[in-house]
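A.B. asks: Now for the letters of each chain:
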Amino acid sequence: MSHAHHQEGWVKKYLWSTDHKIIGFQYLFTGMAMALLGGFFAYAFRMQLGFPGKSVPGYGLVSPNEYNALVTNHGTIMIFWFAMPVLIAAFGNFLIPLMIGCDDMVFPRLNRLSYQIFLLSALILIASFFVPGGAFGGAWTAYPPLSAKHQYSLTPAGATLWLLAVALEFVAFLMGGINFVTTVMNSRAPGMKWHQIPVVIWMIVVASIVFMASVGPLVAGAVMLLFDQQFGTGFYDPVRGGDPILWQHLFWFFGHPEVYVVLLPAIGIVIDVIAVFARKKVFAYKTVLYTAFATGILSFFVWAHHQFVAGIDPRMANVFTATTVLISVPIAEMIFVTIATLYGGSIRLTTPMLWALAFVAEFLIGGVTGIYLGSSGSDIYFHDTYFVLAHFHYTFVPIAVIGSFAGVTYWFPKMFGKMLDEKLGKLHFWATIIPFNFIFIPLFITGAAGDHRRIHDYSRFPDLARADLQNLRAIATVATVCMLVAQVIFFFNFFKSMKSGKRAGNNPWNANTLEWSAASPPPHGNFEVLPTVYRGPYEYSAPGRESDFWPQDEPPDGEAEPAQEAAE
Amino acid sequence: MIEWLVPQASSYAASIDNLITLITVLVGFWFLVAQGVFFYFIFKYREKPGQKAQYITGEKKEEKKWISRPHNAVLVCDIVVIAMAIKVWVEVKQTMPPADAKVNVISQQWAWSFEHPGPDGKLGTEDDIRTGDELHVEVGKTYHFNLVSRDVLHSFSIPVFRLKQDAVPGRIIQGWFKPTKTGSFDIQCAEICGVGHGLMPGRIIIESPAAHAAWVAEQSQKKLASAKAP
Numbered sequence: 001m002s003h004a005h006h007q008e009g010w011v012k013k014y015l016w017s018t019d020h021k022i023i024g025f026q027y028l029f030t031g032m033a034m035a036l037l038g039g040f041f042a043y044a045f046r047m048q049l050g051f052p053g054k055s056v057p058g059y060g061l062v063s064p065n066e067y068n069a070l071v072t073n074h075g076t077i078m079i080f081w082f083a084m085p086v087l088i089a090a091f092g093n094f095l096i097p098l099m100i101g102c103d104d105m106v107f108p109r110l111n112r113l114s115y116q117i118f119l120l121s122a123l124i125l126i127a128s129f130f131v132p133g134g135a136f137g138g139a140w141t142a143y144p145p146l147s148a149k150h151q152y153s154l155t156p157a158g159a160t161l162w163l164l165a166v167a168l169e170f171v172a173f174l175m176g177g178i179n180f181v182t183t184v185m186n187s188r189a190p191g192m193k194w195h196q197i198p199v200v201i202w203m204i205v206v207a208s209i210v211f212m213a214s215v216g217p218l219v220a221g222a223v224m225l226l227f228d229q230q231f232g233t234g235f236y237d238p239v240r241g242g243d244p245i246l247w248q249h250l251f252w253f254f255g256h257p258e259v260y261v262v263l264l265p266a267i268g269i270v271i272d273v274i275a276v277f278a279r280k281k282v283f284a285y286k287t288v289l290y291t292a293f294a295t296g297i298l299s300f301f302v303w304a305h306h307q308f309v310a311g312i313d314p315r316m317a318n319v320f321t322a323t324t325v326l327i328s329v330p331i332a333e334m335i336f337v338t339i340a341t342l343y344g345g346s347i348r349l350t351t352p353m354l355w356a357l358a359f360v361a362e363f364l365i366g367g368v369t370g371i372y373l374g375s376s377g378s379d380i381y382f383h384d385t386y387f388v389l390a391h392f393h394y395t396f397v398p399i400a401v402i403g404s405f406a407g408v409t410y411w412f413p414k415m416f417g418k419m420l421d422e423k424l425g426k427l428h429f430w431a432t433i434i435p436f437n438f439i440f441i442p443l444f445i446t447g448a449a450g451d452h453r454r455i456h457d458y459s460r461f462p463d464l465a466r467a468d469l470q471n472l473r474a475i476a477t478v479a480t481v482c483m484l485v486a487q488v489i490f491f492f493n494f495f496k497s498m499k500s501g502k503r504a505g506n507n508p509w510n511a512n513t514l515e516w517s518a519a520s521p522p523p524h525g526n527f528e529v530l531p532t533v534y535r536g537p538y539e540y541s542a543p544g545r546e547s548d549f550w551p552q553d554e555p556p557d558g559e560a561e562p563a564q565e566a567a568e
Numbered sequence: 001m002i003e004w005l006v007p008q009a010s011s012y013a014a015s016i017d018n019l020i021t022l023i024t025v026l027v028g029f030w031f032l033v034a035q036g037v038f039f040y041f042i043f044k045y046r047e048k049p050g051q052k053a054q055y056i057t058g059e060k061k062e063e064k065k066w067i068s069r070p071h072n073a074v075l076v077c078d079i080v081v082i083a084m085a086i087k088v089w090v091e092v093k094q095t096m097p098p099a100d101a102k103v104n105v106i107s108q109q110w111a112w113s114f115e116h117p118g119p120d121g122k123l124g125t126e127d128d129i130r131t132g133d134e135l136h137v138e139v140g141k142t143y144h145f146n147l148v149s150r151d152v153l154h155s156f157s158i159p160v161f162r163l164k165q166d167a168v169p170g171r172i173i174q175g176w177f178k179p180t181k182t183g184s185f186d187i188q189c190a191e192i193c194g195v196g197h198g199l200m201p202g203r204i205i206i207e208s209p210a211a212h213a214a215w216v217a218e219q220s221q222k223k224l225a226s227a228k229a230p
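Line by line, the protein sequences are chains A and B.
Per the working numbering: the first sequence = residues 1 to 568.
Per the working numbering: the second sequence = residues 1 to 230.
Think of the hints as simulated: they come from the structure by calculation, not from any bench.
Certain hints may be false.
[What the hints assert, rightly or not] Below, simulated PhoX-like cross-link-like pairs (lysine-lysine); rule was C-alpha separation at most 20 Å, straight line: (1) A/Lys418 to A/Lys502; (2) A/Lys286 to B/Lys64; (3) A/Lys286 to B/Lys61; (4) B/Lys102 to B/Lys181; (5) A/Lys496 to A/Lys423; (6) B/Lys178 to B/Lys102; (7) A/Lys286 to B/Lys65; (8) B/Lys60 to A/Lys286; (9) A/Lys193 to A/Lys286; (10) B/Lys178 to B/Lys141; (11) A/Lys426 to A/Lys496.
[To be verified] Residues of chain B clear of chain A, computed beta-carbon distances all greater than 12 Å: (12) Lys122; (13) Leu123; (14) Thr125; (15) Glu126; (16) Asp127; (17) His136; (18) Val139; (19) Gly140; (20) Ser208; (21) His212.
[To be verified] From the structure, some residues in chain A lie toward chain B, with a derived Cβ separation under 8 Å: (22) Ser153; (23) Pro244; (24) Ala284; (25) Ala322; (26) Phe336; (27) Gly345; (28) Ile347; (29) Ile380.
Keep in mind it's a predicted model, so treat the numbers as computed, not measured.
Even glycine gets a Cβ: it sits at the ideal position worked out from N, Cα and C.
Put together the whole structure using the sequences plus the hints.
C.D. replies: Right, dumping it as structure tokens:
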């Protein structure tokens, strides 16, 4: 009896919880598990590309059919089941109530339902690998008619399960987004004005709004595609009055804003971490917000740069070239702000700071290479080559991998009440960053030399089946293996520190934001006394103060250091 | 810069390559400046004992100029890139110089086929020459192509021409090229089209006028012979 009770308690606490922190962890761990799956897929198809036709250790031979399924689901997983759950849902859920100083989300049960639907979507995606015909292999963009008709895709069940999983994932994030925006609007601690909200929270809110505003057309498009697949309707079938290009518009109308949906939270994390470890106020806080709004709005007007050569009216390309290249202005400005924040700082190269700085250095490469692709004239050549692939991995890896590591290593003490091991953290950092560059620099070159995407084996293309290009492909593959193996260090450090790391205390980084005045880890309800806010989040090294930080909730007359910090 | 890796074999290949070089110079310069300043700051302002960080809000005008000036520089570079991109785009995709000859390009899962004009020099007549996977063209002539697909999306890509155009079922998409160099080069399908996407290679054979005429003659002989055979 008591045992059954205990069981129920565990389930209620960790699986059926409405506590925002537990839901954040659910998203975090599910996202990390999916990232491992997506990483394994990358390992399998990169081995085929680096060493074509050889059996891949731990996988076996990669057939063309499986190759397409692996590539497709690698992309799908890394964006929808890794970047989004970790950057938006995990950090959003964990951080929003703690950083705005309230006890939970405004819709806790909607929040729980959001995760449950997300989990279901992940399970459906995984199940699609075990149905007759195998998993969908028509690329993560799922262009019809290939995705719409079984006789073309040859994956009758896989294609539909894939689509269903993606649609359910959107539903989960719509619920999450409503929750995030409403909570930040309504539940801020007394005294917290809009310009005293930490940048990362702003970014998650803007990202959620952009997501909710862009995903609707794609959900409609997905339903039409589902009907085409299962009921033989002709929404995308030219023979029956449909148009395959329609899907591309609906997909990219969501798909390009989606890039900024994941970029904004990552850059928010990076800016917060840089402020803490440079002991500096964020340079031009309001400018950061305006650039985020500008990016969010502009992101709705750039989508067709994915379709320059898709058969759209060629005059349209001129408009989308202009909007696309111009979005570099707010993005560049965000980067300038982070660099300017370093000026005059007192920089501590802790593990989270290394990740945050690496984000800036690596994302710059992704940013500038985007100009080649936004510019219609040069995109004619680069479109659908490995140059594109290397470009967006130089944006997505900094966003999803580097940004997440910056966040996880920074908030780990708050999440679990223990410190991560710094030595292992730095080892993991270098063992990830160095191979990352060795994967994608060579792929810029193979792409510029003409390697087109989603090709199982280049041996049939005499201009590409050259030893020099094959060597570059092999270097990228070896580096992929190194980068994946390095993650063992992270997981070892993560779980070991969780168990036996040094105790963290409430505020190990001497940071200002509200989450650091809660206990580590924060109990249910977060704060003993709900905090009141007296100042902005970045009052570091303020003149006339002895200490170089000034918590948001410290009363103005309380010039004396609080007792607990003095004890440390 | 691309010409170091892939030869230029069409009249507009150089325009596209020059645009790529221009972008490399413009963004390359700012990229190096940004990275330089970034790493210099990390080095210069690392923690020193007893030294507090400066308190700079970045909200004052004389501080803001440090981001508004590079902001304006980026804007100017953007406008240059946009103007040049549109110029190249209009040359390659929005204008069609008069054709000397026409070809039909047919894509399907998973093969290319091509229809060339026969000895009469006209497409759509009895003597058209149909080939699988090999497109024969004459150097120096301007070609219009009609691109169609029989099933899913494909993309007609000839890297040495810097040409890429998706094929969409239900539509005939027109484009042009003018070969400037003889030789034989890859034709790719650059849009995923199913299991055989990687098994859809083609070749373009660019011939001198004499060699091309000989090829046309040989092909029409063959065609006549096979027509008479049964």
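A.B. asks: Does each hint hold? Answer for all of them.
C.D. replies: Okay, the hints, checked on the actual structure:
{"no.": "1", "hint": "A/Lys418 to A/Lys502", "verdict": "5 Å, holds"}
{"no.": "2", "hint": "A/Lys286 to B/Lys64", "verdict": "11 Å, holds"}
{"no.": "3", "hint": "A/Lys286 to B/Lys61", "verdict": "13 Å, holds"}
{"no.": "4", "hint": "B/Lys102 to B/Lys181", "verdict": "18 Å, holds"}
{"no.": "5", "hint": "A/Lys496 to A/Lys423", "verdict": "13 Å, holds"}
{"no.": "6", "hint": "B/Lys178 to B/Lys102", "verdict": "11 Å, holds"}
{"no.": "7", "hint": "A/Lys286 to B/Lys65", "verdict": "15 Å, holds"}
{"no.": "8", "hint": "B/Lys60 to A/Lys286", "verdict": "12 Å, holds"}
{"no.": "9", "hint": "A/Lys193 to A/Lys286", "verdict": "13 Å, holds"}
{"no.": "10", "hint": "B/Lys178 to B/Lys141", "verdict": "6 Å, holds"}
{"no.": "11", "hint": "A/Lys426 to A/Lys496", "verdict": "16 Å, holds"}
{"no.": "12", "hint": "Lys122", "verdict": "26 Å, holds"}
{"no.": "13", "hint": "Leu123", "verdict": "21 Å, holds"}
{"no.": "14", "hint": "Thr125", "verdict": "27 Å, holds"}
{"no.": "15", "hint": "Glu126", "verdict": "29 Å, holds"}
{"no.": "16", "hint": "Asp127", "verdict": "30 Å, holds"}
{"no.": "17", "hint": "His136", "verdict": "17 Å, holds"}
{"no.": "18", "hint": "Val139", "verdict": "18 Å, holds"}
{"no.": "19", "hint": "Gly140", "verdict": "22 Å, holds"}
{"no.": "20", "hint": "Ser208", "verdict": "21 Å, holds"}
{"no.": "21", "hint": "His212", "verdict": "21 Å, holds"}
{"no.": "22", "hint": "Ser153", "verdict": "7 Å, holds"}
{"no.": "23", "hint": "Pro244", "verdict": "6 Å, holds"}
{"no.": "24", "hint": "Ala284", "verdict": "4 Å, holds"}
{"no.": "25", "hint": "Ala322", "verdict": "5 Å, holds"}
{"no.": "26", "hint": "Phe336", "verdict": "4 Å, holds"}
{"no.": "27", "hint": "Gly345", "verdict": "5 Å, holds"}
{"no.": "28", "hint": "Ile347", "verdict": "5 Å, holds"}
{"no.": "29", "hint": "Ile380", "verdict": "5 Å, holds"}
Hint violations for this structure: none, all hints satisfied.
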